Structure formats: C-alpha cells, structure tokens
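Novice: What follows is the residue order along each chain.
Number of protein chains: 2
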Amino acid sequence: MFDRSLIGFIGICCLPPIVLLYNLPNLSLQWIIIQSGIFSFGAGLLTYRLIPTISELTSTANLTGMDLNKKGNPKYSGKKIPESLGICVSVVYLVCVILFQLFQWFSFPETVQLSEYNAALTSICFMILLGFGDDVLNLRWRYKLVLPLFASLPLLVAYAGGTSVVVPDINFPVPLREWLGMTFDLGVFYRIYLLMLAIFCTNSINILAGINGLEVGQSVVIAISIIVHNLIELTISPNSQQHLFSLVLMIPFLFTAISLLFYNWYPSRVFVGDTFTYFSGMCFAVVAILCHFSKTLLLFFIPQILNFLYSTPQLFGVIPCPRHRVPKYNPTTDKMEAIPTNLTIINLLLMVTGPLSERKLCIYLLIFQGLCSCIGFGVRYFVAPYFF
Amino acid sequence: MFDRSLIGFIGICCLPPIVLLYNLPNLSLQWIIIQSGIFSFGAGLLTYRLIPTISELTSTANLTGMDLNKKGNPKYSGKKIPESLGICVSVVYLVCVILFQLFQWFSFPETVQLSEYNAALTSICFMILLGFGDDVLNLRWRYKLVLPLFASLPLLVAYAGGTSVVVPDINFPVPLREWLGMTFDLGVFYRIYLLMLAIFCTNSINILAGINGLEVGQSVVIAISIIVHNLIELTISPNSQQHLFSLVLMIPFLFTAISLLFYNWYPSRVFVGDTFTYFSGMCFAVVAILCHFSKTLLLFFIPQILNFLYSTPQLFGVIPCPRHRVPKYNPTTDKMEAIPTNLTIINLLLMVTGPLSERKLCIYLLIFQGLCSCIGFGVRYFVAPYFF
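Sequences listed follow chains P and F, in order.
The numbering of the first sequence is this note's numbering, which starts it at 1 and goes up by one.
The numbering of the second sequence is this note's numbering, which starts it at 1 and goes up by one.
It should be emphasised that the hints constitute simulated quantities derived from the structure, not laboratory data.
All values reported here derive from a predicted model rather than from experimental measurement.
One thing to keep in mind: the hints can contain errors.
[What the hints assert, rightly or not] Mimicking EDC-like on lysine to aspartate or glutamate, the simulated pairs with C-alpha atoms at most 20 Å apart in a straight line are:
#	chain 1	residue 1	chain 2	residue 2
1	F	K335	F	D3
2	F	K144	P	E56
3	P	K360	P	D3
4	P	K360	P	E337
5	P	K360	P	D334
6	P	K144	F	E56
[Said to hold, decoys possible] A partial selection of chain F residues facing chain P, derived with a Cβ cut-off under 8 Å:
#	residue
7	N62
8	L114
9	F150
10	A158
11	G162
Cβ atoms here follow ideal geometry from the backbone N, Cα and C, with glycine treated the same way.
Just chain P, same shape as in the assembly:
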C-alpha cells in the first residue's frame, strides 16, 4: 500500500507548494490557505477511512471490474476489483468545500464571491452525478458528450470576467497589435471557448487511462501545478482574489485525491471509475474558468493534449477503436507490451522504452506529466512575457 516510489512521488510533489506557501508575503492570505489545508487534511483522512467501507458497498452493488493488465497473472487474475470509488472522493470533497464555504462566510464574509462559488459547486456536483450515472448505467456516447456541456453552463453564466484577450506583441507574419489593438474582444466566442475547455478537460483525463494509478496520479500532478501557479501569482500580487479562490477549491481536491491514490496505486485495490475522471476534469476547468487562467491550464494539460491529438484517428473512427485501448500484458515476463494500433501515448512510450512493468509504466508517465508541467511553467513565466 505505501509503495516507496509513491511516497517519494507525493513528497516531491508537495515540496514546491510548501516552500511557496512559507514565503508568501501576505500573512492573512497565508492563514486562510493554512486553514484550508487543515480542513483538507481532515477531508483526506476521512476519504482514506471511508474508501474500504464504500468499496464494500460498490462491490455489493455489482460495481466491479476485472484488472485487464493482470490477465494470466496467478497472483491477481480473476479477482473482481471495486469500481467507481470516485464517488467517495468526490462526495467528501463536496462536503469539505461546502463546510469551508460556511466557515469562510462566518469568518470573512467579504472575501467569498457566493455566485461564483456556488456555480463552481453546481458544475462539479452535476459532473459527479453524470460520472456516477455513467458508471452505473453505462450511458451511450451521445449522452456523454452532451451532458458536460450542460454541467458547465452555470459556470458560463456566473463567469463575470471580460471576454477580451490580450493580443500578442508579434510583428511576423503580420503586425498583430497594429491590426487588432492591444486587446481584442472575442465576445460570445470567448464563452464558447470556455465551454469547449470544460468538455476537453473532462474527457481528456478519461482517455489517458487504463493503467493502475494513472488517472489519479496525473490529476495529482495537475492539481499541484495549479496550486504552485496560484501561489506564485499570490506572491507577485497578493490582491488577486481569484487565485485564493482557486486554492480553496484545489487544496481539498489534492488531499482527497492523494488518499484515493494510495488505494489505486499498483496493484490497485480499487478502481476510480468515470466518476473520478469527470470530477477531476471538471474541477480543473472550473478553477481555470472562474479564476481566469485557462491558457495556463492548457500548459499543464500538455500530455493530455498530445494524447488527444495522437488518438484522433481512433476517436473519429478512421482506425477501428476497441473498447479499451490499453497495452498488452505479458504474464510470462510480468510486463506491459505496446500495441502500436492503439494510439495512446501509453503505447507510444512503450514503443520507445520497450516492455515495462505496469508500476514503472505509470511512474514514467507521471514523470512525463511532471516534466511537461515544468515546461509549462517555463513557457508561462519566461517565454510568454516576451509576447504579452
């Protein structure tokens, strides 16, 4: 359960936020964030305690799955693993966020923007409901694609920010700023872009999956990246309320997701289900939209974007697409082998590295996710300032 590399991974992940939090110049902000951390730690513990109980319930309800990547391995083969444990994580998360809302509202009524906070809660909660419904009822694709759209509408209504974008200071091939001005109002197209972002986030995590620990692991890396970004921004300009808002939503997400990771890490004792992937995707979309850092968020989604682009021939039916696009497990070597016709970056990585054990494969993919986040930060803080 407490795999050494998992502990190391979590340790490395948590270091940057702690250092940044420690160096935060504004002490009252620091105090709010610490309180949120304490709440979230409690939520994480509760999740950790509840998962075994809830996994019994999901097993009884026949929400179980076979581990495809262990077929033929006598140690694990034929075991039914409880599915959809995302429901436990996400409900604890919602309760934690609601309680913190109550607490904040008693302590600092002026800092809470209720309409946005509640829009965020509505969208996330609706997405959890959809994900859980999908796990239980096995919805068809057309429903799956339409419902995230509705789930993100409350966000768009509550979105109080502008719809203008800053025009990059580029003179080649055309002098953009001379043509368009400093800022350019995209109007309703900006809202359509935000809608597409929400749909992309919820689905892109769902299709980079199938390896023990990968869904939750990548979500943890992205959550950490967002938290680090928020803390950097708060260090630069302590009055940016929206980054505090993002932190208050991301910190409980991080702690509850880590609790789930302990159970979902190789060899998985629970599966997370679409409930979790949809929930986490929506959480990221929500904070990026309401806190106005959608472009930065996309920098943390580089592996998901690559995976999506690489998958397009299968997703749009040019190449036949099996139900599960996981690599092939070889029980003799206990290693995963690439299936080159399954166009995911998981198989791509295996084609580069050769066969890997499932545990190592997940670790490599998470390291890749982390490296991409580092590149993202580089682009955001060193390259982007040249153009904006």
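Based on the hints, put chain F in the right spot on chain P.
Specialist: For chain F alone, kept in the frame of chain P given last:
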C-alpha cells in the same frame, strides 16, 4: 397508461394555476412565467420520451424492484420493475433549470439573483446525487441522515433574508407583542430551523410511500399548491421577485414530475426510487427557504407531518419497524388491507375505509393531500391575518 382518473386529477390540479396566471396584472411577469412554462413543457416531453430508454439502462444495471402490493396477483406477480427513475426526471429538471438560467440571463440579466439560483442548484443537485447513491449503494441510516444536512448548507450560506420572525398578535396566555416587540430576531436559531426544514422535507416524502403513484402524486399536489401560492402573492404584490424565483424552479418540477406520474401510476411500470423523493423534498425546501415562505410550505405538508407524528413510535424504535411499512395485499379480493401495527396514515386510512384497491387508495390519499392544501390556504389567507 392514460388512466381516466389520472387525467382528471392532473386536469383539476392545473386549473387553479392557469386561472391565476391568466388574471395576473403584471404582463411582463406573466410573459416570463409563460416562457418558463414553455421550457418546462419541453422538459416534460423530453422526460416522457427518455423514461423508457433510461428504464432499460436501470434494469440492465440491476436497479429493479418487485411490486410488493401485487404479490400473488398472476397478472403482475414476479415481474421486475425498473427502479430509480427519479434520476431521469431530476437530470432533465436540472438541465431545464440551467438552460432557463442561461436564457434569463441573456434576456433579463437584472432579474436573476445568481448566488441564490446557484445555491439552489447546488443543493438540489447534491441531494439527487445522494438519492441516486442511496438507490445504488443502499447507504446506512446514519449516512442518510447526515448528508441532507450538508446538501442544505449552501442554501443557508446564500440565504440573504432576515432571521427575524413577526410576533403573533396574541394576548393569551401572555401579551406576546408587549413582551417581545413586533418582530423577534431568532438569529442563528432561524438558520437551524431552516436546516431542520430541509431535512424534514426530504425525509417526510420518503416515508409516505410504497403505493403506486403516491410519491409522485403527493409531490405534484404540493408543487401545484406552491405555484398557486406564488401566483396569489404575485397578484397581490407584483414586485415580490422571490415568488417569481420560486415559480421558475417549481414549474419545470411540475411538468417533469407529471411525466413520471404517467409511468408510475397504478399499475406502475417504473419505480421512482429515493432519488425522486429526496429530489422533490429538496426542491420544496429550497424554494421555501430562498423565497421566504417556510411556514406556508409546512401548511402544504400537513399529511406528511401527520404521517411523521403518527410514525414516531416506529421511527424511534419504540415499536419494531419492518423495512417496508406498506399495507397487506389480498390477491383474492385484489384489495389492500390495513396492517394496524404499521403506523402510517396509509394504514390509518384503510382502517377507516376498509379494504381498497391500490389505485383507489392512492386516489383517496391524493384527495386528502389536496384537501389539506385547501385547508392550508384557508389558514394562510383567512386565519393568519388575524394574528399577524
């Protein structure tokens, strides 16, 4: 499916709101309500179309139940009925309300109070999630009691109204107004009262159940009563925004619930599940709290209050409580017979009237619900003014 008495019941129910709407003096209000009606009619049609599809999915997912009140009847016995169709109704409801929010915000941005609207959506959505989770996972009682509490917290935070109550003008046994003043501030106790109200509403509909059509039927009667109350208030004072807000939430509820009633009416082809009872209870609590008519709502809950009070010995374990407290079905006479040890008003009614067919029993209970609403209106508009 289109039972004559069901059509009559719906017809009688819909008459008062139509007359009141027609006589509404403020034409722009009338127009908003008609638009909401058109939206909701579409939502009702969609629900009607979707229920067969979704009931296949719930059957496949093993969410089915036996109809206890037809045991031994060769025509129905042994048939498995799809359960939890509340999920279909409630998701369509949410989508409709969200779309109407978007539409309203484009048309009349100043009339929408976003924070309250979104708090309402959060609470309702969380309650649906809990209800569906309960149907799938069969949660234990302690979870059931705690979670509605959390689901209603966003409401309390968003509740912007006062916490004072008008003191009744009563001089016996003590001159209340002399002692307490015209109004009395209950402070935090008022919020606790609202919390208790939400928990009561969600659970009280759930325990007055077990007869084909009863759960949905009583919800329809209560929804109509609320709509009539809102329309009367809007006729008296056309500026009471909160009653418009309540209508915008209640009208789609009414239409989607009626669609479900067609399938749930005797003999039921689908069951509604805890998803529906929790969802409907929360909808009522939400509008009553945010629109400040909690006392009036309790007048429409008279049968539920009586049933709760009559049930207390079993609910608190003084008398043993079986899992289902329904009356006994007699296959020879095709009638329901009272079980006097099951303390519900359903059995009480059967003890008064003697054995009844399940269909008639439901109709009588709904007539009783309707009569209680009439008494409620009498108290609200003719008795209460003497004291306030």
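Novice: Take the hints in turn and mark each one as holding or not.
Specialist: Tested hints:
1. F:K335 to F:D3: holds (18 Å)
2. F:K144 to P:E56: holds (17 Å)
3. P:K360 to P:D3: Holds: P:K360 and P:D3 sit about 12 Å apart, inside 20 Å.
4. P:K360 to P:E337: holds (12 Å)
5. P:K360 to P:D334: Distance of about 12 Å is within 20 Å: holds.
6. P:K144 to F:E56: OK: P:K144 and F:E56 at ~17 Å, within 20 Å.
7. N62: holds (6 Å)
8. L114: Because about 4 Å separates F:L114 from the closest Cβ in chain P, which is inside the 8 Å limit, the hint holds.
9. F150: holds (5 Å)
10. A158: holds (6 Å)
11. G162: violated (16 Å)
Of the numbered hints given earlier, the model fails hint 11 alone.
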